[in-house]
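With the hints as your guide, set chain B onto chain A.
As you go down the protein sequences, you meet chains A and B in turn. Take the first sequence: its position 154, counting from 1, is numbered 154 in this note's numbering, and each next residue is one higher. So this note's numbering is basically just the index in the second sequence, starting at one, shifted up by 312.
If you are wondering where the hints come from, they were derived from the structure by calculation, not from laboratory data. None of the hints are false.
Below 25 Å or equal to it, Euclidean Cα-Cα: the simulated DSS-like pairs (lysine-lysine) are:
| # | chain 1 | residue 1 | chain 2 | residue 2 |
| --- | --- | --- | --- | --- |
| 1 | A | Lys125 | B | Lys599 |
| 2 | B | Lys599 | A | Lys165 |
| 3 | A | Lys287 | B | Lys437 |
There are 2 protein chains.
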Amino acid sequence: MRTLRRLMAMVVATACVSAARAAAPETEQPPTKKPMTTAEVLAASTPADWRTIEPQNTIYMELPTGRVIIELAPQFAPHYVANVTALAQQGYFNGLWVERVQDNYVAQWGESDGKKKPVGNAQRKVAAEFERTSRGLPFVPLGEPDTYAPEVGFSDGFPVALDPKLGRAWLIHCYGMVGAARDNDVDSGGGTELYAVIGQAPRHLDRNVTLLGRVVQGMELLSSLPRGTGTLGFYEKPEQRMPILSFKVASEVPESQRTPLEEFRTDTQIFTSYVEARRNRHEEWFKVPAGHVDICNVPIPVRRHTGVTPAH
Amino acid sequence: MRTLRRLMAMVVATACVSAARAAAPETEQPPTKKPMTTAEVLAASTPADWRTIEPQNTIYMELPTGRVIIELAPQFAPHYVANVTALAQQGYFNGLWVERVQDNYVAQWGESDGKKKPVGNAQRKVAAEFERTSRGLPFVPLGEPDTYAPEVGFSDGFPVALDPKLGRAWLIHCYGMVGAARDNDVDSGGGTELYAVIGQAPRHLDRNVTLLGRVVQGMELLSSLPRGTGTLGFYEKPEQRMPILSFKVASEVPESQRTPLEEFRTDTQIFTSYVEARRNRHEEWFKVPAGHVDICNVPIPVRRHTGVTPAH
Numbered sequence: 001m002r003t004l005r006r007l008m009a010m011v012v013a014t015a016c017v018s019a020a021r022a023a024a025p026e027t028e029q030p031p032t033k034k035p036m037t038t039a040e041v042l043a044a045s046t047p048a049d050w051r052t053i054e055p056q057n058t059i060y061m062e063l064p065t066g067r068v069i070i071e072l073a074p075q076f077a078p079h080y081v082a083n084v085t086a087l088a089q090q091g092y093f094n095g096l097w098v099e100r101v102q103d104n105y106v107a108q109w110g111e112s113d114g115k116k117k118p119v120g121n122a123q124r125k126v127a128a129e130f131e132r133t134s135r136g137l138p139f140v141p142l143g144e145p146d147t148y149a150p151e152v153g154f155s156d157g158f159p160v161a162l163d164p165k166l167g168r169a170w171l172i173h174c175y176g177m178v179g180a181a182r183d184n185d186v187d188s189g190g191g192t193e194l195y196a197v198i199g200q201a202p203r204h205l206d207r208n209v210t211l212l213g214r215v216v217q218g219m220e221l222l223s224s225l226p227r228g229t230g231t232l233g234f235y236e237k238p239e240q241r242m243p244i245l246s247f248k249v250a251s252e253v254p255e256s257q258r259t260p261l262e263e264f265r266t267d268t269q270i271f272t273s274y275v276e277a278r279r280n281r282h283e284e285w286f287k288v289p290a291g292h293v294d295i296c297n298v299p300i301p302v303r304r305h306t307g308v309t310p311a312h
Numbered sequence: 313m314r315t316l317r318r319l320m321a322m323v324v325a326t327a328c329v330s331a332a333r334a335a336a337p338e339t340e341q342p343p344t345k346k347p348m349t350t351a352e353v354l355a356a357s358t359p360a361d362w363r364t365i366e367p368q369n370t371i372y373m374e375l376p377t378g379r380v381i382i383e384l385a386p387q388f389a390p391h392y393v394a395n396v397t398a399l400a401q402q403g404y405f406n407g408l409w410v411e412r413v414q415d416n417y418v419a420q421w422g423e424s425d426g427k428k429k430p431v432g433n434a435q436r437k438v439a440a441e442f443e444r445t446s447r448g449l450p451f452v453p454l455g456e457p458d459t460y461a462p463e464v465g466f467s468d469g470f471p472v473a474l475d476p477k478l479g480r481a482w483l484i485h486c487y488g489m490v491g492a493a494r495d496n497d498v499d500s501g502g503g504t505e506l507y508a509v510i511g512q513a514p515r516h517l518d519r520n521v522t523l524l525g526r527v528v529q530g531m532e533l534l535s536s537l538p539r540g541t542g543t544l545g546f547y548e549k550p551e552q553r554m555p556i557l558s559f560k561v562a563s564e565v566p567e568s569q570r571t572p573l574e575e576f577r578t579d580t581q582i583f584t585s586y587v588e589a590r591r592n593r594h595e596e597w598f599k600v601p602a603g604h605v606d607i608c609n610v611p612i613p614v615r616r617h618t619g620v621t622p623a624h
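One chain only, chain A, in its complex shape (with noise of 0.2 Å):
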């Protein structure tokens, strides 16, 4: 049943690209039901197959290493994505540095030493925003049993777990997700210390702390840091920290220094050929075809805006 709801969402998604590709005569034989790559189904898909990342959801964090790029999820941590905002309008990472990276695990940045800088008109605290309700939240299912949740899928482009049930969504730990570190009180987070997942999802960490976005680019800056020796990871000398030279939302960036970036979007008939592609890999090295594949396996493409207005 499964297999064959695949095939045929596979057929569809196929023939649609086929149609994108040359609009071939009705008597012609029907296109070729060879499985596609992911690098073929990228290559077929159209302008129309990306959205633009907007500058006002995005955030610059200037390494000395290069640009780290992360997309904000107000549409998941309203309050958080905007006190994050508000920090990096006064400057507030400018000059702090990532203090903690744990193996596996996370790397982190922002206040440390226990040291309190001002946040301006930004808040220090902010309820916790674990989930949502799933009523209105665009869900494209990945169709795949799931160790974790009752269902997993994704909702622009972010990986999402949802309790029908209960009625509740909430965003997937996946590599490259991007979290507020917060203390024991679940109301003691607040976005002046953020994280990324630079290892295997821990999924224990879903519901559990507020996820605001998901690093777009540049994600090996912080992956391929010196891991800390301290507890949790902690860099034991301030030396080894790597600092922060500026954190900015792109929209105050001069338009000529700036990354755009396209996504590649997740509510298409040929993203369900992208995720057939990894569910079942048909490059020639690949021989046994895994059938399935995990919620954070399926890392959505983002490239360089070629220039061209989507059509959506």
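Frame of chain A; chain B shown alone:
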């Protein structure tokens, strides 16, 4: 049902641990039912809950930054392990490099640039050992649904998937697992190029490539390497590669230079408590218990050998 089973297992294990801590008189209150944290479980373990990692089954890969220690898995890849051991014995890897680091995927070392270093009495190619019979395999089920396999669990510390219908078992590509790179032909690997997983478990590689061990110490020396900027994360300039100073079987290293390690046994009652502590975290920080745990989110603890000979 599952909850009950888990609870019972936990109670048994808790009782067992408490008994080991102090032989309480029978008239005392029963031991506390407060669920343990992973730290508490480990603190309650006895020497018999740990097993020595045998030096003849251990590789020391010396990098300029330190020692990476790999435990081999001859029970899954006997011929690959024998071949890698033969390669190590003749110094095959000494002076070669980590040649490829692809973010959220693998670090790979050994033969590079298409240059073929002589392999002496070892083989360049070994027939694939992607899976084995499950008959006679020690196996402790995790008791969790898995996206990829009918059943998952542990065999002597290694993460294993199992298909009871087919009677087949195979190692899982969790973080830190070590495999033998190959070309398109399934039998084209042999161990002259090895890789370790440095990100989200690439489970689509399971049964597509021979896994032969796991990194039990020094993983951060591989995972924090700069990512290569060439295709598949290959370094583009020779000087970017991390040299391998030596790569030896531990039993052939003078005893004074060895790192004696022991691994938390996965076939004990207390291991059940450890899994439960990973499944539902009871540290004060955690608020919403996950209720589940992925096979790759149960890292097997490894520690410096205490010098006490385990009872088993």
